[in-house]
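Taking the numbering used here, the leading residue of the sequence shown gets -11, the next gets one more, and so forth.
I should point out that these hints are in silico values taken from the structure, not numbers from a laboratory. Be aware that a few hints might be false.
As the list claims (entries may be wrong) - In silico DMTMM-like pairs for lysine to aspartate or glutamate, Cα to Cα no more than 25 Å straight-line:
#1 Lys21 x Asp31
#2 Lys33 x Asp123
#3 Lys(-6) x Glu98
#4 Lys119 x Asp31
#5 Lys33 x Glu124
#6 Lys127 x Asp31
#7 Lys(-6) x Asp8
#8 Lys(-6) x Glu124
#9 Lys21 x Asp8
#10 Lys21 x Glu98
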Amino acid sequence: MNTFQKIDLWTNKHHSIFMDGLRILLGLILFIKGIQFGLNITDIKILVNQTPLNFLSFMIVHYIIMVHLAGGLMILLGVATRIAVIFQLPILIGAILFVNRSEMFSFYSENGLAIIVLILLVTFLFYGSGKLSYDEFMKHSAA
-11 MNTFQKIDLW
-1 TNKHHSIFMD
9 GLRILLGLIL
19 FIKGIQFGLN
29 ITDIKILVNQ
39 TPLNFLSFMI
49 VHYIIMVHLA
59 GGLMILLGVA
69 TRIAVIFQLP
79 ILIGAILFVN
89 RSEMFSFYSE
99 NGLAIIVLIL
109 LVTFLFYGSG
119 KLSYDEFMKH
129 SAA
């Protein structure tokens, strides 16, 4: 049994309903952020142009919107949660390191939310979908 299978087995034994609720809330937040970014695409372009990767701004902006929408929905429903989390991680790390750096310690900063979301993403990278998820439903209906 490899390390990934051991982690998966441990998290399945110790997964609570609270973690499922937290996963659903995280997915909802990411999905709503994707909608906000899509509606305010010029604002996010301005933020991306301030980063060292501004020459890729068109691709980065659309990557952020699509990954937040699709990944947020996947996390919300519990469909391939770990894969959705992996695609979300670069966005949150970039937001913390590049975009919100100037207001890192500001009282009204969104950096706090970004850090909390990053911690939750790393948590669900290990925990996975949980018992209240589409993945679990499909696992039991196939058997």
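Comparing the hints with the structure gives:
1. Lys21 x Asp31: Cα-Cα ~13 Å, so holds.
2. Lys33 x Asp123: Cα-Cα ~35 Å, so violated.
3. Lys(-6) x Glu98: 36 Å, violated
4. Lys119 x Asp31: 38 Å, violated
5. Lys33 x Glu124: With Cα atoms ~38 Å apart, Lys33 and Glu124 exceed 25 Å; violated.
6. Lys127 x Asp31: 42 Å, violated
7. Lys(-6) x Asp8: 20 Å, holds
8. Lys(-6) x Glu124: 18 Å, holds
9. Lys21 x Asp8: With a Cα-Cα distance of about 20 Å, the restraint between Lys21 and Asp8 holds, given a limit of 25 Å.
10. Lys21 x Glu98: 12 Å, holds
The structure is inconsistent with the numbered hints 2, 3, 4, 5 and 6, although it conforms to all the rest.
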